[in-house]
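All chains should be modelled from the sequences, with the hints used to inform the complete structure.
Sequence lines, in order, name chains C and W.
When the letters of the first sequence are read in order and numbered with the working numbering, they come out as residues 1 to 320.
When the letters of the second sequence are read in order and numbered with the working numbering, they come out as residues 321 to 660.
Keep in mind that the hints were calculated from the coordinates and are not lab data.
For glycine and all other residues, C-beta sits at the position ideal for the given N, C-alpha and C.
Treat the hints with care, since some could be wrong.
Here are some, though not all, of the chain W residues that point toward chain C, as calculated from beta-carbon distances under 8 Å [as the list claims (entries may be wrong)]:
id: 1; residue: L527
id: 2; residue: Y585
id: 3; residue: P644
id: 4; residue: N646
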Amino acid sequence: MNKVTENLRQTAAKLLKDQEVEMVIGYGLGSEAVRTQPVFITSPDDVDKLVWNPFCVNGLTKYLSDLKTLSGKIAVCVKGCDSRGVFRITQDNIIPRDKVVVLGIPCAGQMSYTKLASKMDVTGQLKEVDDKGETLVIKTSNGDFTVKKSEVILDKCLKCESHNPVVADHMVGDKVSVTDTPDDYDEIKKYEAMSPEEKAKFWLSQFDRCIRCYACRNSCPGCTCRECIFDAIKPDWVGKEMNLDENELFHLTRAFHLAGRCVDCGECDRVCPMDIPIRLLNKKLLKDCKELFGMETPGSAEEGGSVLGQYRLEDPEEFM
Amino acid sequence: MANKSLKKDQLKNLLNKVAQNSQLIAPIQSDGITLFRPVKSGEGVVLEYQNSVMPPKDYFFPMSEKMFSYDTSDPSWAIKLEEGVPSRVLFGARPCDVKSILLLDKVFDAEFRDDLYLDKRNKTTIIALSCNECRHTCFCGAFGISPGEAEGADILMTDLGDRYLVEVLTEKGEKLAATCSDLLTDDDGSGAGAKEKAVAPAKEKQLNISIEGVKAKLDNMFDHPIWATESLRCMGCGTCTFVCPTCHCFDIVDFNNQSSVGYRYRCADSCQFGNFTRAAGGHQPRPSKTERIRQRFMHKLRYFVDRYGDTACVGCGRCLEKCPVNLDIAQIINKVKEVG
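Right, dumping it as structure tokens:
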């Protein structure tokens with residue numbers, strides 16, 4: 001067992017035993033060797049279900065919104081990227097900060113299930129992962145597999161601005177020394193350079209295959225409206241019909257609702273079953289807000305909120 | 321009809337020919353994912369895929385379809401029905417997906433005959449493709465489906481390395497085969513044996529899941545705590561139901577843009593969505609994710625069996641692979657068997 005898993009279980013057991021928290025949200029082994037699944041632990045006897053390995057891709061902060069009615073405190077495991085989701089949720093007044101116990105896990109990067117599944121037999125049960133630096137030795141009930149990290153790492157982890165959580169009430173691992181690489185927005189600049197026709201062509205071909213499953217919205221810690229505009233029936237702002245017009249309206253509205261609020265955790269990209277690069281839209285808005293308002297990535301600090309939800313005299317207003 | 325054989329290098333010619341006479345729908349790669357799309361020829365059709373991201377269900381029961389349009393300024397208030405689809409050939413459906421269409425038949429071609437579905441069903445000839453390899457999430461065997469059989473298809477083709485074995489299964493299939501007879505030769509009798517070998521890896525490597533006893537168990541599990549436990553991690557998105565080849569729930573909506581002209585459409589809906597069961601007056605019979613995921617698994621593994629005598633899962637593995645939180649139906653099947 002790795003040290004982080006050991007620490008995590010000990011910390012969780014203590015929090016539950018001392019009745020400091022009612023529930024611990026973390027990662028458990030998944031149905032395939034290179035997957036994990038979110039687990040919800042309420043008894044110190046069950047902390048052995050918690051694991052930490054390079055397959056803990058899910059962001060868990062959104063569950064705080066689901067579980068906000070629990071009477072006790074909730075402990076939640078966060079990596080660097082999704083730790084910003086904690087402040088998104090608390091700044092949006094979904095749950096008070098003092099009801100959340102943040103278990104921070106420094107993270108050197110997570111591995112992609114899709115990429116791994118194309119390289120190895122993933123159907124066994126995971127026994128152990130040996131981190132050899134450049135490679136991982138993934139030991140499963142179907143045998144051991146050695147994979148090069150650089151070939152299976154999630155794309156988003158190649159440009160990560162905070163490998164260490166921005167907030168933690170308990171840090172359950174040693175800080176990782178991987179250099180943080182804030183996004184240079186090179187990819188966004190590529191799209192910005194396109195003509196409006198080229199942009200439309202690209203995006204409409206992406207939106208065309210959207211199936212409106214709303215996985216992007218449902219995984220997003222910024223999407224916590226009591227009634228989402230896309231669920232509203234009267235008036236039905238966005239029609240249920242799956243066609244290019246409605247799909248486009250859905251995607252652009254979703255992106256704009258997150259302007260200045262998106263914490264850039266990348267979950268929308270990961271969960272999309274149709275591989276639509278949803279995060280690119282949010283990245284563009286993030287870049288604009290950073291340039292216009294000197295905003296740091298939302299959720300990076302406890303205080304703040306939404307740059308578009310506040311007014312300052314020195315705000316640029318060239319458009320007026 | 322006796323089995324036929326098609327040389328590998330003739331497949332493109334065959335598809336070109338089919339595309340000349342009918343609308344051809346075939347698997348293609350688009351932005352890195354495999355999807356069934358109408359194509360003009362055999363160019364670009366992919367064969368080395370194990371499962372398309374979306375099932376070919378869309379060509380029988382589209383995610384969205386217009387039912388009729390109207391114009392209330394017309395004194396007769398005449399309803400204009402949609403024109404049907406042209407004659408079509410669906411190429412490359414995998415055996416699990418073909419089985420799913422037989423299951424949809426049970427729903428749409430039963431007491432109530434659904435014209436929109438049947439129009440597409442009747443005008444589509446299905447050329448299925450056996451699986452030589454399976455995906456890491458495949459478990460069709462659990463439902464008695466074989467990677468080398470495709471009851472419900474009109475023609476079944478199997479990749480035998482240098483050639484395809486072409487089994488013509490229905491009259492519709494015979495008609496289609498007749499239009500391509502110059503490309504087909506008689507199978508020399510070795511095809512059937514070679515097919516068994518060709519599909520063996522897909523049979524052997526797939527997940528070993530059994531549904532024996534699951535239905536009987538579920539009959540008494542409506543109030544079981546498993547649904548509350550398993551639903552905790554569910555995000556309530558509709559991915560599992562939308563990528564499913566057998567899910568067929570839909571909503572009907574009128575669109576009129578506040579003018580006299582409008583149309584009625586139906587579109588896929590998901591039992592995982594809150595407003596799926598939201599009723600007039602605000603009543604909500606499935607208020608939380610617990611009831612919603614119970615409904616999904618119960619519908620597939622219990623209610624459909626009660627109603628139609630078959631399980632509404634074909635083991636294609638799409639939901640298993642695409643669920644963002646690893647809520648895995650194969651794992652649920654095993655858990656249902658284990659719990660008290």
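Q. Going back to the hint list, which numbers does this structure go against?
A. none
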